[in-house]
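All chains, full assembly: derive it from the sequences and hints.
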Amino acid sequence: MSGLRWATLLPIAAYFAAMYVIGFYAMRLTNRASLDKGGCGSTYMEEYMTGGRASGGFVLAMTLVATYLSAGSFIGGPGTAYTHGLAWVFLAMAQIPTGYYTLMVLGKKFAIVSRKTGANSISDFLRARYNSGAVLIIASLSIICFLIAAMSAQLIGAARLLQGSTGLDYRSALIFFAVTVVVHTAIGGFRGVVFNDTLQGVVMTLSTLALFAAVLSRGGGVASIVQQMKALDPGMITPYGVQEGFMSVPWVSSFWVLVGFAVVGIPAVAQRAMSYRDSKSLHSGIIYGAVVSIVMLLGMHLAGAFGSVLVSDISSGDLVIPTLITTLFHPVVAGLVLAGPLAAVMSTVDSQLLVVVAAIVNDLLVNYVNPGLKTNLRALRRITVGTCLAVGAVTVALAFDPPELMVWLNLFATAGLLSTFLWPTILGLYWKGANAPGALAGMAAGIGTYLYFNYLMPRPLGLHPIVPSLVLSLAAFVVVAKMTKKPSREIIRLFWGL
Amino acid sequence: MKENEFGFVEDPRYRECEREALYGILLGVINLAVWAIGGYWLGGGSAEDYSYIMGFPTWFFVSCVANSALAIVGTIYIVKRRMRDMPLGPMTEEEAAEYVLAGRRRS
Chain A
1 MSGLRWATLL PIAAYFAAMY VIGFYAMRLT NRASLDKGGC GSTYMEEYMT
51 GGRASGGFVL AMTLVATYLS AGSFIGGPGT AYTHGLAWVF LAMAQIPTGY
101 YTLMVLGKKF AIVSRKTGAN SISDFLRARY NSGAVLIIAS LSIICFLIAA
151 MSAQLIGAAR LLQGSTGLDY RSALIFFAVT VVVHTAIGGF RGVVFNDTLQ
201 GVVMTLSTLA LFAAVLSRGG GVASIVQQMK ALDPGMITPY GVQEGFMSVP
251 WVSSFWVLVG FAVVGIPAVA QRAMSYRDSK SLHSGIIYGA VVSIVMLLGM
301 HLAGAFGSVL VSDISSGDLV IPTLITTLFH PVVAGLVLAG PLAAVMSTVD
351 SQLLVVVAAI VNDLLVNYVN PGLKTNLRAL RRITVGTCLA VGAVTVALAF
401 DPPELMVWLN LFATAGLLST FLWPTILGLY WKGANAPGAL AGMAAGIGTY
451 LYFNYLMPRP LGLHPIVPSL VLSLAAFVVV AKMTKKPSRE IIRLFWGL
Chain B
1 MKENEFGFVE DPRYRECERE ALYGILLGVI NLAVWAIGGY WLGGGSAEDY
51 SYIMGFPTWF FVSCVANSAL AIVGTIYIVK RRMRDMPLGP MTEEEAAEYV
101 LAGRRRS
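Residue numbers (my numbering), protein chains in the order written: chain A, 1 to 498; chain B, 1 to 107.
Since the hints were made in silico from the structure, they are not lab data.
Treat the hints with care, since some could be wrong.
[Claimed, not checked] Below, in silico cross-link-like pairs of lysine to aspartate or glutamate (DMTMM-like), each with a Cα-Cα straight-line distance of 25 angstroms or less: (1) A:K432 - B:D49; (2) A:K116 - B:E10; (3) A:K280 - A:E46; (4) A:K432 - B:E16; (5) A:K280 - B:D85; (6) A:K280 - B:E95; (7) A:K432 - B:E10; (8) A:K280 - B:E98; (9) B:K80 - A:D278; (10) A:K485 - B:E3; (11) A:K482 - B:E3; (12) A:K486 - B:E5; (13) B:K2 - B:D85; (14) A:K486 - B:E10; (15) A:K116 - B:D85; (16) A:K280 - B:E16; (17) A:K432 - B:D11; (18) A:K230 - B:D49; (19) A:K116 - B:E16; (20) A:K432 - B:E48; (21) A:K280 - B:E93; (22) A:K116 - B:D49; (23) A:K280 - B:E10; (24) A:K432 - B:E18; (25) A:K486 - B:D11; (26) A:K280 - B:E94; (27) B:K2 - A:D401; (28) A:K485 - B:E10; (29) A:K230 - B:D11; (30) A:K116 - A:E46.
Here is the structure:
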C-alpha cells in the first residue's frame, strides 16, 4: 500500500467520532435512569442490558437488522456472489424471512414472559424457565466461546476492509476499529449500542442503495448486466452456479434453516425481542425490519454479483466490495459509502460483546460468585465496564494474529449457538413439558451431532450439517423431557399464569 | 375465568400471541415455497432457454424479487390486520377479564 488515502480515511474517522459521542450520551442516560429507579445493582443491570425496555419500532427494527447483518452479508456474501453469480444471491435470499420471522415467532409472548420473570438476556430466560445450573453454565460457556470467536472474525473482516480502502496497515486498522467498538459498548451499554445500531442501520441502508445504483448505472441497467454475466459464464445466471455440484439443491435449501428460520436461536437477536416498549413498537418494528433487511440483502448481494462485469480478476472475495466502492466513487464519497459495511460489522460486534458481558457478569459472576453485587450499583458498574474492556482486549488479541483454533471456532459459531439455544428457547416458551434434562439432552445432542457431521460427513444426505443436527437435537429434547420429571408447578405458573 | 389443569388462570394474551406466531411461520413457509418453485422449476432448464422479466431471468425475478415484495406485503397485511395491541406488563385477574371482553367485542 502506498501511503494513506486521507480523502477516504477522514469521513470514516468522523463517523467513528460520532460513535463515541453517542456512547457518552447513552452512559449518562443509563446512569440517570438507574439512579431514578432506586440506584441498586439490579436496576443498573436492567438499564445497561435492555435499555430499560424502551425501544420504539424504528429503533427495534434497525438494531435487530443491524445486529443480524454482519460482515457476512456486507463483505463475504457479496464477494461470493461475485464468483458464483445469481445462484449465490438466490442462496442469500433464504434470509427473506429474517426481518419479520424472529419478531413474529418470539413475539409478544417473549416480551410478556421476560417482564414477568425480570429477564434481561436469553440466559436469564433459560434460568427462570429451567431452574438448572447446568443449563445456565452450558449456555454461558457456549456464548463466551462461540461469540468471542465470531467477534474476532468480524474484526478481521473490518480491519482488512479498512486496510484495503484507506491504506492503513492491518494492525493499526484493527486497533482503530476495535477501540471504537469496544469503548462505545463499554460506556454506552445496551442504550448506546441501540442508538449506534440505529444510526448504523440507516448508514447501511443508504450505502447499499448508493452502491447498487452506481453498479446499475455503470453496467448499463439490469438487462445489459445480466447478458454480460451470461457471456462470462452461463452458470452465472442459473440457480446452480458456475461450479458443478457445489450449489446442490439440498445444500442450498438448508440455508433456509441455517440463516432463515433458526435465526430465532441467536442470543443477540433474541435479546432484542425483549427490549421494546409496547406492542405498537413491535408492530411497526416488524414492518420496518422486513423492508430494511430485504433491501439490504438483495441490494448488497446483487451489487456483488453484478460487480463481476465491472471489475475483473479480484483475487480475494473479501476485496470485492471495497474494490467496487473505490472504483465507482470519488474518494470522499467512497469513505461515506464504506461506512456501510463498517457499520454492519460494528453493529454486530457491539451487540455480541454485550451478550458476552451479560454471560460473564450477569449469569456467572452475580449468580454463582458474588450475589451481593446485586445491591451494589457502583461495584457492579465498575465490573461490567471492566469486563467489557477485557473481553474486547481478548478479541483484539485473537484477531491480531489469528490462531488456527479461532478460525475453526468461528466456522461453528453460528451453528454452535443455534444448536445450543434454538430449542431451549422455543420449547421453553411454547411447551409446558419442556424441562431441564430435556434442554440439556437437546443442547448436548445439537452440539455433539453438529461436530460429528462436520468432521465425518460434511454433507449428510446432501444437506448442510445444521439441519440433521437440529432435528436430532429436537428429538433428544422431546424424548428425554417426556421420560423425566415435569417442570415444577411454580415455574409453569410463573410463565403461564397471570 | 376458567382455570387450567394446573389449577390457575392462564394468561389470556398467549392465545393471540400463539396465533400471531403461526402467521409468521405460515408466511415463512409461503416464501420458502415461492423461492423453491421459482428457483428450481423455472430455473431448471438451460440458460439458453431462459425468459426475462425486467432484465432478470424469470426464475430469479420470481424467487427473489417478487418473493421479496410478497414478504413485505404479507408482513404489512399480518401486522395491520391480524395483530392485536396489548399491554405487555403483568396483569391482575380483573385486567385479564377486561382484556378477554375487549377481544370479544372486537371480533
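- Hint check, failures only: 1, 20, 22, 27 and 29
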